[in-house]
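> Top line first, the protein sequences correspond to chains Z and Y. Going by the working numbering, the first residue of the first sequence is number 1, and it counts up by one from there. Going by the working numbering, the first residue of the second sequence is number 1, and it counts up by one from there.
Everything labelled a hint here was simulated from the structure, so no lab data went into it. Mixed in with the good hints there might be a few duds.
The calculated lysine to any residue pairs, modelled on SDA-like cross-linking and capped at a C-alpha distance of 25 Å, are [stated by the list, open to error]:
#1 Z:Lys-434 x Y:Phe-159
#2 Z:Lys-359 x Y:Leu-85
#3 Z:Lys-356 x Y:Leu-145
#4 Z:Lys-78 x Z:Gln-382
#5 Z:Lys-432 x Y:Val-61
#6 Z:Lys-233 x Z:Glu-304
#7 Z:Lys-233 x Z:Tyr-254
#8 Z:Lys-356 x Y:Leu-77
#9 Y:Lys-155 x Z:Val-424
#10 Y:Lys-155 x Z:Arg-419
#11 Z:Lys-112 x Z:Asp-122
#12 Z:Lys-97 x Z:Thr-80
#13 Y:Lys-155 x Z:Arg-358
#14 Z:Lys-356 x Y:Thr-108
#15 Z:Lys-403 x Z:Gly-413
#16 Z:Lys-359 x Y:Lys-155
#17 Z:Lys-359 x Y:Ser-72
#18 Z:Lys-432 x Y:Leu-145
#19 Z:Lys-201 x Z:Ser-297
#20 Z:Lys-434 x Z:Val-70
Selected chain Y positions facing chain Z (Cβ under 7 Å, derived; list incomplete) [claimed, not checked]:
#21 Pro-65
#22 Arg-66
#23 Arg-69
#24 Arg-152
#25 Asn-153
#26 Lys-155
#27 Tyr-156
Heads up, the beta-carbon is just placed ideally off N, CA and C, and yes, glycines get one too.
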Amino acid sequence: MGKIYIFGIGGTGARVIKSLSLLLASGVTIDADEVVPVFIDPDDAAADLTRTVHILRTYNAIRERLNTRVPNGFFRTKITEFVPNFRLPLRNTRDMKFKEYMGVNRLSDANKALVHMLFSEDNLESSMQIGFKGNPNIGSVVLNQFADSPEFISFANSFQEGDRIFIISSIFGGTGASGFPLLLKTLRGGRQHANWGLISKAPIGAISVLPYFRVKPDPESSIDSATFISKTKSALAYYDRTISGTNSVDTLYYIADGDNGKAYDNCEGGAGQQNRAHFIELASALAIIDFVKTPASERTIHKEFGIEEDVHRITFRALGRQSRDLLQRPLTRFLLFAKYLNERHFDTYLAQPWAKSRKLDASFWKAGFVDDIRAVQADYIQWLDEMSGNERRFAPFETNKEKDIYEMLQGEGLPKRTRFNDYVLFDDRLNKQKRRKDATREQSFTELFQAATDDLITDKYNF
Amino acid sequence: MNELFATLYGWLKSFYAKNLDEYLLGYNCDTGVYDNPLLYGHVGWLTVGISLVVVCLYYYVLNHPRFNRWWSWVLVLIGCAGINLFVGYFYTVTDYQTGMIGDCLMFTRDTAGGIIAYHIHIADCWMFGVANALMSVLFFIIFSLALKWKSRNCKYTPF
Numbered sequence: 001m002g003k004i005y006i007f008g009i010g011g012t013g014a015r016v017i018k019s020l021s022l023l024l025a026s027g028v029t030i031d032a033d034e035v036v037p038v039f040i041d042p043d044d045a046a047a048d049l050t051r052t053v054h055i056l057r058t059y060n061a062i063r064e065r066l067n068t069r070v071p072n073g074f075f076r077t078k079i080t081e082f083v084p085n086f087r088l089p090l091r092n093t094r095d096m097k098f099k100e101y102m103g104v105n106r107l108s109d110a111n112k113a114l115v116h117m118l119f120s121e122d123n124l125e126s127s128m129q130i131g132f133k134g135n136p137n138i139g140s141v142v143l144n145q146f147a148d149s150p151e152f153i154s155f156a157n158s159f160q161e162g163d164r165i166f167i168i169s170s171i172f173g174g175t176g177a178s179g180f181p182l183l184l185k186t187l188r189g190g191r192q193h194a195n196w197g198l199i200s201k202a203p204i205g206a207i208s209v210l211p212y213f214r215v216k217p218d219p220e221s222s223i224d225s226a227t228f229i230s231k232t233k234s235a236l237a238y239y240d241r242t243i244s245g246t247n248s249v250d251t252l253y254y255i256a257d258g259d260n261g262k263a264y265d266n267c268e269g270g271a272g273q274q275n276r277a278h279f280i281e282l283a284s285a286l287a288i289i290d291f292v293k294t295p296a297s298e299r300t301i302h303k304e305f306g307i308e309e310d311v312h313r314i315t316f317r318a319l320g321r322q323s324r325d326l327l328q329r330p331l332t333r334f335l336l337f338a339k340y341l342n343e344r345h346f347d348t349y350l351a352q353p354w355a356k357s358r359k360l361d362a363s364f365w366k367a368g369f370v371d372d373i374r375a376v377q378a379d380y381i382q383w384l385d386e387m388s389g390n391e392r393r394f395a396p397f398e399t400n401k402e403k404d405i406y407e408m409l410q411g412e413g414l415p416k417r418t419r420f421n422d423y424v425l426f427d428d429r430l431n432k433q434k435r436r437k438d439a440t441r442e443q444s445f446t447e448l449f450q451a452a453t454d455d456l457i458t459d460k461y462n463f
Numbered sequence: 001m002n003e004l005f006a007t008l009y010g011w012l013k014s015f016y017a018k019n020l021d022e023y024l025l026g027y028n029c030d031t032g033v034y035d036n037p038l039l040y041g042h043v044g045w046l047t048v049g050i051s052l053v054v055v056c057l058y059y060y061v062l063n064h065p066r067f068n069r070w071w072s073w074v075l076v077l078i079g080c081a082g083i084n085l086f087v088g089y090f091y092t093v094t095d096y097q098t099g100m101i102g103d104c105l106m107f108t109r110d111t112a113g114g115i116i117a118y119h120i121h122i123a124d125c126w127m128f129g130v131a132n133a134l135m136s137v138l139f140f141i142i143f144s145l146a147l148k149w150k151s152r153n154c155k156y157t158p159f
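Chain Y on its own, in the form it takes in the complex (with noise of 0.2 Å):
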């Protein structure tokens, strides 16, 4: 599954640097491969969890017969793939901050240690939570056709 992820974010990996998505793919600076843990995987769950509980919210607690229309859909949608912007954003910029990502993939420098070149910006973080935000909605439209049917009010939307 966590393949899955890797596969589906590498359909947008050129929204951000390409040193991000080697981070994030678990590339190891140390050893030379990727043996660090596949962190789309994580980022996957965490987008598809949200996701699935937005649906259910939608279509099970609020479950409101004035707010069935497509475009009441659409806006819930948009509030999801808002809040999975910032999740992919604070799931990258966090281990921006903190060091986490690789010196390799963040920096080229001279042989004196000295920085050349950033691979990494926190606009590539930004991106990310941009991307995370479209994988969100691609997971959001899967989970409303497959648990619309047993809403009492809104068992048509968003069609």
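Only chain Z is shown next, with the shape it has when bound in the complex (with noise of 0.2 Å):
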């Protein structure tokens, strides 16, 4: 095992980034030593790239404070921050305006003309702090600087022989369908980097993720849903010729859906624009771990998802089995885990063992560990809230606090009868484990988490 670098490309390789942070920190297995998140984003106050930036430095502040050795762990796998960030800085693109950042006023009157042939007024008057709004053409000049850049020729410095590279992006949109061939050019073309050699050769998968939402029309934004389709037929037959057709990629993965009911907010970008997450992001999420097991392939392999039964609410039962496999147990377990912690103040379980032979005092409680574990959970009810609330809906819990914790698994049946219920069960089963004596509180604390909730798990469920 190695590295795995994902570039996540404009909103959409955001909030797939987003998806598999928390899919790691619920423990989802990766077969990668360490991921390593690269957004490539010209919109600086993105709201979805700044929300999941958010997530993975608490990802890392809990990691640091763990040795984890348990397989399917919380927060089991490494995530490396290899730029500030995590991002890919794009120069000369802040106030700016894309016709200055071309320099149209100071090009002979022919090149004038040719650019008034390949781009709109509009797309020359067009502001690029807060991306290319839907216009791969321009994306596709501005992009190109990247290559140049001192962290990409870190990246290409720190690359290692069994490191592989995923890349995100969306197909209908501005910098995610004009970012992804370019950054392949360079990763297989770029001969003036440090480990080219490694880097030309490497197992490269993508996934382009194809329309699966809508917005609300306005006629003052640029972005148009009218016209992802047409984009997307477009850039299709355009990566068919340059991507598929000279095997650029070992694995190529397409997803889409079309049951897109409810319609986002039209926000061209910055701070407004956050979309809420989508069950398409968490299974485009599943390709990087499918990736990383799949052999490298001397021709281009294509890949899609599809779920058991074509349902507008999905549950875990209406996936396929290897997806079912994979999510059902770590995304119940860190439910359950966040929930305990959410519902429960911490003065009502300090008398219990599991809290006083761990010696989790106040002073354990209030030092910040546990905070930084509640944020990424908030964020993981929230995110399942929102693919809950979106359509098609992935709504496998019903999280309603009325009812006893364990009847939230939707689409299973009732849970098994047990001698406890609800919270005194689980702090049962928090009661029933070891303790490991060598290992650190915070250590100690999400170990037991982990082993209590695998014991709920068994015994409430048939899974």
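Take each chain as given, in its own frame, and dock them per the hints.
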């Protein structure tokens, strides 16, 4: 196993990596020693990106205090912040119009005419501070610069034998659609970089996310859902020739969903662009997990994702066996953990043997470690809630506080009867766990909840 | 062991009549020596047994995450002491009412055989019950400290 470098391009890239980081927090396993996310997005203030970076940072703050040895443990996988804020910076895009970036005024008349043929007036007047607003023709010019950035050179220097690369992009927008082929071209053909020999032959996977949401019509906005399909078609034709046709990637994943009833607010970018999480982003994150297990291939392998039943509300039962085995236990376990910490105050469990034997006294609960875990869990619950409220719905849990917590799992029938119920049973299973004497309090705490929630799942459910 | 019980109960003999203590020590009015069975042993074993059962019920059968605070343990201890109070009372009052306690311990009689004074009263049986309850508290604490460590949910109760 080596590292997996994941390039997340544009808003979709950020949201897929957010899904991946929450999956890793829940203990979903990935066959890689380290996950190295790198975002490529000119939109400095993109809310989805900011939110994802915050989750990754908090994840790392938690993981720094753990030395996780438990298979499938919470926060087990190392996530490396290879570049500051996980971002490959794009220079000269802030407070600048596209025509200024291009230096149109300094061009000869002939070149000006060529520019006007390739770019509309709106394109040229467009500010690049919030991305390329669905215009891949702008992105294909601006994103050319990252290959020469010190951060990209540093990436090339650190690349080692056994490492892999994965690229996430959407095909129907601006940044992702233009960034993917450019990045791939740089990786496969950037002879000037150190380790070019390694990188050019390294296993590269990519997911191209086809339209899975739409935005509300807005005459003031340059983003129009009606153009998504036509943009997708032309980009697919281009990918077919230049990517699949040249076998530039080892595995190319395609994913889409036509069941996109609810439209998002039409926001071109910036702090307002905060789309609700969608199941497609979760399924796209699974592509990364699948890719690291897939052997390198001479010819591009194409993969798609499907569910067992074409239902509007997806529960674990509607997923294919492989996805279900991968997700059901860790997601349930982490939600149980989250509900325990969020719905009960630490005063109520200071008297419990599991807390006393591990010296998890008031000083531990107030030291910040648990707050960090709670923060990731709050994001996790919000992520689940957003997917549950989106269309199509991914709603394997019903988090109604009035019910016994074990009734939260949907589509699996009633939980098995046990002597205790609700949080009494939870405390009982926590008290049952043996303490590892050489573990730190933080380590001991996470391993404890890992083992107890595992027991609870075995005791209450049939999986 | 019976002698140990006699010693332990001896700490609390001021609670009840001296003659009840003598009876429980096995004094025989006919022979004038202590050759009757040492009843402190009987009642002591009974109290130990009851305390042990209650402790085991609390730590291993009830063994409940919501009843592992110190006050839950105190409530069980009070319940155990209450049971042993009645055990002590009934143990002695039965002998008292059936005339099992020797005449010389029960009464002072004049030369005509008339009772001049009663040395043991029903209240002494109650007070022995109280002493037995206190003794059970001691046993309950000892058993709690010895057995709590193997309890899943109450191993740190009462501390």
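> State for each hint whether it applies.
Hints, verified against the model:
For the hint linking Lys-434 (chain Z) to Phe-159 (chain Y), the alpha-carbon distance of about 20 Å falls within 25 Å, and the restraint holds. At roughly 39 Å between alpha-carbon atoms, Lys-359 (chain Z) and Leu-85 (chain Y) are farther apart than 25 Å, so this suggested pair is violated. For the given pair, Lys-356 (chain Z) sits about 16 Å from Leu-145 (chain Y) by alpha-carbon distance, which is consistent with the 25 Å threshold. Straight-line distance between C-alpha atoms of Lys-78 (chain Z) and Gln-382 (chain Z) comes to about 23 Å, which keeps the hinted pair within the 25 Å bound.
With a C-alpha separation of about 15 Å, the suggested pairing of Lys-432 (chain Z) with Val-61 (chain Y) holds against the 25 Å cut-off. A hinted pair counts as satisfied when its Cα atoms are at most 25 Å apart, and Lys-233 (chain Z) with Glu-304 (chain Z) qualifies at roughly 17 Å. Pair hint Lys-233 (chain Z) plus Tyr-254 (chain Z) holds up; C-alpha atoms about 13 Å apart against a cutoff of 25 Å. Using a Cα cut-off of 25 Å, the hinted pair Lys-356 (chain Z) and Leu-77 (chain Y) holds, with the two alpha carbons roughly 23 Å apart.
Restraint check: the Cα-Cα separation between Lys-155 (chain Y) and Val-424 (chain Z) comes to about 16 Å, which is no more than 25 Å; the hinted pair holds. Restraint check: the Cα-Cα separation between Lys-155 (chain Y) and Arg-419 (chain Z) comes to about 19 Å, which is no more than 25 Å; the hinted pair holds. Simply put, Lys-112 (chain Z) and Asp-122 (chain Z) have alpha-carbon atoms about 15 Å apart, close enough for the 25 Å limit, and the pair holds. Pair hint Lys-97 (chain Z) plus Thr-80 (chain Z) does not hold up; C-alpha atoms about 34 Å apart against a cutoff of 25 Å.
Annotation: proposed proximity of Lys-155 (chain Y) to Arg-358 (chain Z) holds, straight-line Cα distance about 13 Å (limit 25 Å). Proximity of Lys-356 (chain Z) to Thr-108 (chain Y) is assessed by CA-CA distance (about 61 Å); at most 25 Å being required, the pair is judged violated. As the CA atoms of Lys-403 (chain Z) and Gly-413 (chain Z) are separated by approximately 14 Å, the hinted pair is consistent with the 25 Å bound. Between Lys-359 (chain Z) and Lys-155 (chain Y), the direct Cα distance comes to roughly 14 Å. Compliance with the 25 Å bound is thereby established for this hinted pair.
A hinted pair counts as satisfied when its Cα atoms are at most 25 Å apart, and Lys-359 (chain Z) with Ser-72 (chain Y) qualifies at roughly 22 Å. For the suggested pair Lys-432 (chain Z) and Leu-145 (chain Y), the alpha carbons sit about 20 Å apart, so the restraint of at most 25 Å is met. The suggested pairing of Lys-201 (chain Z) with Ser-297 (chain Z) holds, with an alpha-carbon distance near 10 Å, which does not exceed 25 Å. Note on Lys-434 (chain Z) and Val-70 (chain Z): the hinted pairing holds, with a Cα-Cα distance of about 14 Å set against a maximum of 25 Å.
Nearest Cβ of chain Z to the Cβ of Pro-65 (chain Y): about 4 Å, under the 7 Å cut. The hint holds. Hint status for Arg-66 (chain Y) relative to chain Z: holds, with the closest Cβ pair at about 6 Å, below 7 Å. Hint status for Arg-69 (chain Y): holds, given a least beta-carbon distance of 6 Å to chain Z, under 7 Å. Taken as an interface hint, Arg-152 (chain Y) checks out: its beta carbon lies about 5 Å from the nearest beta carbon of chain Z, inside 7 Å.
Annotation: interface hint on Asn-153 (chain Y) holds; nearest CB of chain Z at approximately 5 Å, less than 7 Å. The restraint placing Lys-155 (chain Y) at the interface with chain Z holds, with a minimum CB-CB distance near 5 Å, inside the 7 Å limit. Interface restraint check: Tyr-156 (chain Y) against chain Z, minimum CB-CB distance 5 Å, threshold 7 Å, status holds.
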